[in-house]
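Participant: Mind assembling these two chains? They're in different frames, but the hints should get you there.
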Amino acid sequence: MFRSSYWRHFDFWLLGMVILSMVFGIAMIRSAIAGNETLAELPSRQITWASLGFVVILIVAGVDYRFWGGAVKWMYFAIVLFLLLLYFIGGATFGAVRWIETGLVSIQPTELAKIVVILALAAYFARYYDEPRTWFWLLRSLLIAGGIAGFIYIQPNLSNVIVILVIWGAMAWISGLEWRQLIVILLVGLVLGVVAFFFFIEDYQQARIVTFLFPDPDARHGATYNVLQALTALGSGGWAGRGYGLGTQTQLRFMKVRHTDFIFSAIGEEFGFIGAVLVIAMIGFIIYRCLRAARLARDPLGTLISYGVAILIFFQAAVNIAVNLNLIPVTGLPLPFISYGGSGLLSLMIGIGLVESVVMRHKPLDF
Amino acid sequence: MRRTFSVRSQSWRGWIVYALMGLVFVIFVVRLFNLQILQGETWTLQAEDNRTETISIPPQRGIIYDRNGYLLARNIASYNIVITPAHLPDDQADIERIYRELSALSGMPTGFPLTDESIEAAKLLRACAPGPGIAQWVALGESNAPYDPVPVQCNVSEEVAMTVRERAVEWPGVDIAIEPVRDYPTGTLTANLIGFLGPIPAVFSDYYEELGFDLERDKLGYSGVELAMDEVLLGVPGRRVIEVDVAGQELRNLEPPVASVPGNNVVMTIDTRLQLAAEAALRTEIDSWNAYYGFNRISSGVVIAMNPQTGEILAMVQYPSYENNRLARIIPEYYYRQLVEDPRHPLLNAAISAEFPPGSVFKLSTATGALNEGVVTLSQVIEAPGELLLTERYSPTDPGNVRPFRDWIFDDNPAGFGTIDFLHCIAYSSNVCFYKLGGGYPGEIEEGLGILRLQQYARALGYDRVSGIELPGEASGLIPDPTWKRINRGENWSTGDTYIASVGQGYVLSTPLQVMLSGATIANDGIAVQPTVIREILDGEGNVLELYWNPFAHTVTSLPLEPESYQISPFVPSIRWDITTDPIIEDFLCVDGYCEPTGLFKIVEPWVVESVQRGMRLAVTEPLGTLNRDFSFQNYPIAVAGKTGTAEYCDDVALAQNRCSFGNWPTHSWTMAYAPYDNPEVIIVAFLYNGGEGGVVAAPVVRLVMDAYFEIRAIDIAQGATGP
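Going down the list, the protein sequences come from chains A and B.
For the first sequence, my numbering gives the first residue as 1, with consecutive numbering after it.
For the second sequence, my numbering gives the first residue as 1, with consecutive numbering after it.
Next up, chain B with everything else stripped away, as it sits in the complex (with noise of 0.2 Å):
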């Protein structure tokens, strides 16, 4: 069949397609509808944040000062030499010819010949790390920005620096950017109290972009004070709010720059000549007594000195420390690994961090309580052989072991120190007799303080609860009682429990800054100070600003928030309780060792205090006192008052020496002492660890301090300064 065709009779074919083209544009305009008008701020947002780019402009971090004005740590200048690859010439020899004679200026390889897998090698570093040559990190950083400039080598010496700044014409592309970094003068010495910085930890990232920080750049404090005043000292990001292209090429300000505001500037209580004294004794007398055994037997040591009427700490030395200013820039793997893994923990502040039994520093406490609970009397004479025989007993029907309980003197003299009075308990430091003074001693001290009121009493004192110093870690020590050690080690307590805690020993921990607050409390008449190390804090243009700290929440506020925070800027002596008016000890009843809460709270009578202090007085004054030797206080010219110990512990080293066992304990040793006594304005004290004998190893320590303080006030005096 034969058909005829034409395109006018079927003219419905052209229709069709005519439709299918309308129905395409049809679908084009409302895409476009949908697009540019119904999700048309979606893009345009999108379009926005494309084009605009928020640069963070660092503030300058606070400057810490000592007492006395002196630099603890600062912002110094820091040169990288940095390349834009986009400002680079456009001829590869120009280029080649620029990294060879930057390479022989600095000293950093050209890093040609340019292979795929030397850059790949790149990648895996942070910048400036060794390795990777000029054309390696400038590859890299062309492939992201290449506007942006690629630091090839970090801190470069101001020399090197200079001399590329004037060649900056025949170099496009090359130029130096000054990086602040943190510089500790003193380093080593106020490590312990100034601590470090490192960079914003990823928890905290979000917080701190908020308020304008860049993730890669600042920096945030790590430890001691750089943490505990870290709002304070970081000040305000600027901003800059610019238009960039896709290259990343910076075109112009879309807002008015908003400037940086500095951080504020930190005065501290310390007084770094008494810190730099306190080391030296310290390192002098770990050091001559090691070399006296011949190995290294004292591991480690804590000095502190403070006003204890005002609760300024003026020095708070350890050893051993650690460099801050090696983690200043950042923080190398290997020597941070290094202080971690030293077991003498160099980056805790041991001070406030690491917990000790006290040993008779404790005594003390059992010496208040006992007095002020009429355990004993002034006039009371006790019975002070150098051996006891004590029943142990974990509950009342239990019939009991009969264990010996030793003075110190025994070894030397087995008769101990016969028959002497409350005053010179504390003055010798007869064990003995604090035994018999907390436990009881039948047909002597009928009831003993006992664990519970002597709990309260060590708390007065300052033990068992953080101190809320302006320092982070701060640990709290522990005074036991019946119902922790049930908990914690699922055992009845025991008399043998209140015969060991009466002299620090057994389950009591303390914290060397615990071990002055409880002297100072005393040497203070009852007042407990507030520890500080914050003086002062003032603003970029000298103002001194009023803040308080808040102990719990370790924050920093400009009216004190909570009943617990404290004024730390202006200085004023803030005073956490007063044990002669503030009723702050619990009555209890005790029958036969076994006491009862009555409800009622009382106050430490002032006598007491003032007979504790005396005891103090006579461990120097007397002819046996455990402060009246060579090297401690034996004829001092300045009235001093003060308390050893000399604390048995066991640790990994004991024990694998098999010397955790009866008479066979190495022994810490402590020495606190405060001065002048009627009026004190410094109290020192001293731990070293493994040391031995507290009056034989620690007083000297705290004999050279105290020699150092008089030292410098005598000095600031005749320079005309008044007070202490």
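With the rest of the complex left out, here is chain A (with noise of 0.2 Å):
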């Protein structure tokens, strides 16, 4: 499986604008830190998870994907029962259960759970890429979706069940979902929300989307007041930001949770929007490189893998800069290799890993 003839086509492009990414972020997390002491240690964690991921990319990639896709089952279970076990032991952090304390680092198996729904999500679609477009066919998916989605609804954690959900239908649309379905998809989709927002989310959440319809001009605290202060810093960057560790709504602490669901928000304040601009072409860089990885891929497994890794990164990261921007309302999704936090770059890293193998693989041997 490392055999060198494969190395040929691995995507250096890709691998390098996911280490400048990561880099970027650990120096923005370094500057976001702001003198607190309790957070005085998140760099050099994050440089110990990226250098982690580093090795987890070229694992990944050296085993074919094709093996991952057979083994997707075993994942799926043991995904599953992560999850329970997260439910049953899990430390309660933020007011949500999310996390697994092991005894050096906390694991979100959150993050995990939407690779494994993107292999499962690929080898079903792959398997049955030849029989009709039923409803069958749909409801079939969606099963593998919702089975993982649901435990995760319980945890609660709304945003990563709308992330699954994304996923799926952004890779059910690619393996050809008829127009008819889509359209009831969206009706259906229409109306749980609505449903949803009145009698089943969480209060927290339903405060949240109110504050952002509503907000209020004098909240001190809570989401308004983080927003405000987020708007405040990206707003007063200007062209070129107010420069690396000067930005003074980052360095004096007005803005909230600044080295994780805000530091797009502290990248356009200390480098302006001219930062949050090339932060953005990073990403879409990575993006498509992702989609280009799917374009060439030799079968439809590899083509649905790649997708689903550019449908999760773009999804993510539009949610985090779109909260930034103050255009949806707050949601905790971190911005992609960029944000701070251990699990979801190794996940994501799994997910490069997965889309190198496939972009590896993607011609006959030439011998």
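Derived from the structure by calculation, the hints contain no laboratory data.
Careful, some of the hints might be misleading.
Pair by pair, the computed Cβ-Cβ distance ranges are [said to hold, decoys possible]:
1. A:V195 / B:L215: 47 to 53 Å
2. B:I16 / A:F88: 38 to 44 Å
3. B:I16 / A:I328: 19 to 25 Å
4. B:G248 / A:L327: 28 to 34 Å
5. A:Y153 / B:W12: 30 to 36 Å
6. A:I328 / B:A93: 44 to 50 Å
With the C-beta cut set under 10 Å, the calculated list includes, among others, these residues of chain A facing chain B [as the list claims (entries may be wrong)]:
7. Q229
8. L234
9. S236
10. F254
11. A276
Quick reminder that beta carbons are idealized off the backbone N, C-alpha and C, glycines included.
Facilitator: The following block contains the structure:
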């Protein structure tokens, strides 16, 4: 499996941009700590995660993605077990049960679950690639996604449920979803969304949506205040920003969760419009390289894996940036490759590794 | 039907996804451009506003001295124990130890156990209010701004403060804050003049905030000189612009700090020694009479002393007064309510704000007018029986009612004063004589002075208008006329109204200051001086500033902006008018009691003023003169002239006792006297509410203050002082 001929097609542009993004992210996390002692260790931890991630990319890329496609059943059961475990023994952080405290680090199985969903759906859609697009075909794929999303929902973690549903929808679409099916999905989604807003989602989630739609301009704390501070940080950046480590909103800690949810605003403050657009461009480039792998892949499984990873990166980045730009209500999705967060980074690395695995094997070997 | 599918054959599906992604990124870039470039300035201002904080540096309020440099108002340090929550140790056990040790030192409760209810209760209280413990105050402050020191105990002794400072190392986070507090060494004695301070009222908050004052911390004058001279005393706050983080911790100065400029110091014309003597004389008189009657008959009183040639107020006391030191730190609700609800109005400066019927002291106006208008001549003799029957008419065709008008001597001697001349009318204060001068009497005084002409002379002596003294709340008094009565009482002016107005009764009202000013105008040969309580205003380095007072706008300016403005620093005597040279008396042509203005204005002849002076002198020297008594000025070594007054009045108390009826009225006691007769340097007025006969009750007070004045003069001269 480590035959050197495969590595000829290894996408160094993709790896390079991922590493560049992570390095930039680590630098930005260092700035965003802003003298907070309890956060002081975060850059070195992120470096550890990033190094680990680098190794993970190489290992995952080295294994043929078809192997992963075959093993996905076991992975699926393992992650469901993991999520169940989390439900019973996990520690509560910020009111929601999302972490498993191991001795050394906390692991967030949800992040891994998203990769498993991509693999499982890719394997499913590839397997029934030549079958007609019946309602049964669609329902089965939804059950695969829902089997994991359900456990994430009870954590509760609505944003990642939505991430999984979006991945499912996008992969179904690219696998040949029919228009009438799409319309029904959208209609059912709309009705469920409205019903869920009034009956099923948690109060804090409801409050976030309400404060987004009807902000209280005098709030001194809470979601509106945090968003206002983030907008202030971003807006005060101007063309070139206030300089690395010199953004007052970041350094004087007016902005909250600046190393995770609002790191994009910190970038906007310290590196300005140019920096923010460059970050968008970097992530755009990574997505482009994943989509390129999807196009080159030699079989539907490879296409669907690469495409799923691209959608995952795109959707998380888009939601995070949209929150920073106050276009949608606050959710807890990090900015891929840049925000602090070990499990999230590691999962994305597995995704990138899978994409590399696909692109490496995109054409028959030339001996 | 079996369909085959290929992503490559349906690449439009991919393109739709790429297009959506591209659209999202374009929206982001547009939004970024909008936020960062187009709205950038607004957000930058917002970010600057977040991190910058302007701190006002309090200016030292000016000091107030009396004319001899004696302190009347100063600033003293008050020590508050403060805790900065962010600087407390991390360990809860350490915090509890600090609170326990602090509590043992200062007596402040620790506040443990710290319950939510106890914190909620503390939220409702102002800082340092008794009740909550240390832990409650710290908990409150910690949730707001952990780097701002929270006062947990105010006004601790210097000893406790020093101990807290010594233990600073053991008690991190605990410190002493020094708060300047106004202190009035003379307290009650000068409270009516000096006043007190209070928080900046909401209506002025914008104005003072603009000037850089801290609305929570800085105070304004609420009454007295503290209010009138507020802009002089306040000073200019300094300012520091600092950078703070989200917790409010100060990081650095963003601009060079601007130091505050202390307020200017005010030197008053008051002589505290005379003030003390006047208060003692007033209190002794009131206490002894109330002891004699066996109940608190005399409820309040006023004494004022002034130099009639310069207008400098030397003493201005009132009973009851209030303790302005009790209002210095905060204004306690119970004490303030007690003062406001007291029917004697101790918070008002009675000398200038309270209006009373002047009674016979007002006869100076009638006398000046009658002589100047030729109603009477100096050689004319007037019959002054004990009782006079006069006809009260409301119109020329009114047949009228005949009413008895009695002289004050009637109870002792129904025959009255007999036949007397003009000067003795003043000396004896004969009511009958003044009824005739004011309202006329068939066969003797064919044409009386009349109310319109009386009003002119009363105003010329200082009645019916504010004096413009540098104190807030001055009342204007009232000299009525027919138009006033029509509007305010809905009735025609009657002949009886003129008779009683001639002796300062009826609708006539005046402040004690006005009574004194009328005497001062006569004593000073017709020159009405501007009364003043300010001698000079000094800046922080002791330089005398040139400043003017605008009595209508109540402002201090460096230039005389209005014609009424007068110089208050450095002190120069200001003349309001001179009745012997300024034609301020409107001329009337009077026939059968009805007067028409001729459009001309005239002066008061100097000999008229001099004659009134002689009449006042005779009140002291004549055996039957109203001031020639044991306890007043009988055989007084210095030539004194003066006038007494016994003013009938009716208030709620008298009405309840059914005393508001003919011959039964309660009376206020007045006396006004000046000395030396030839070259007067002091004029003193005393007023005692419900005091009774002026010459018996008020005159002894004037006598005692006069004694004190000349004693103090002798001491000053012995110590090398010159001039009055």
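Participant: I'd like to know which numbered hints this structure contradicts. Please list them from smallest to largest.
Facilitator: No numbers; nothing is violated.
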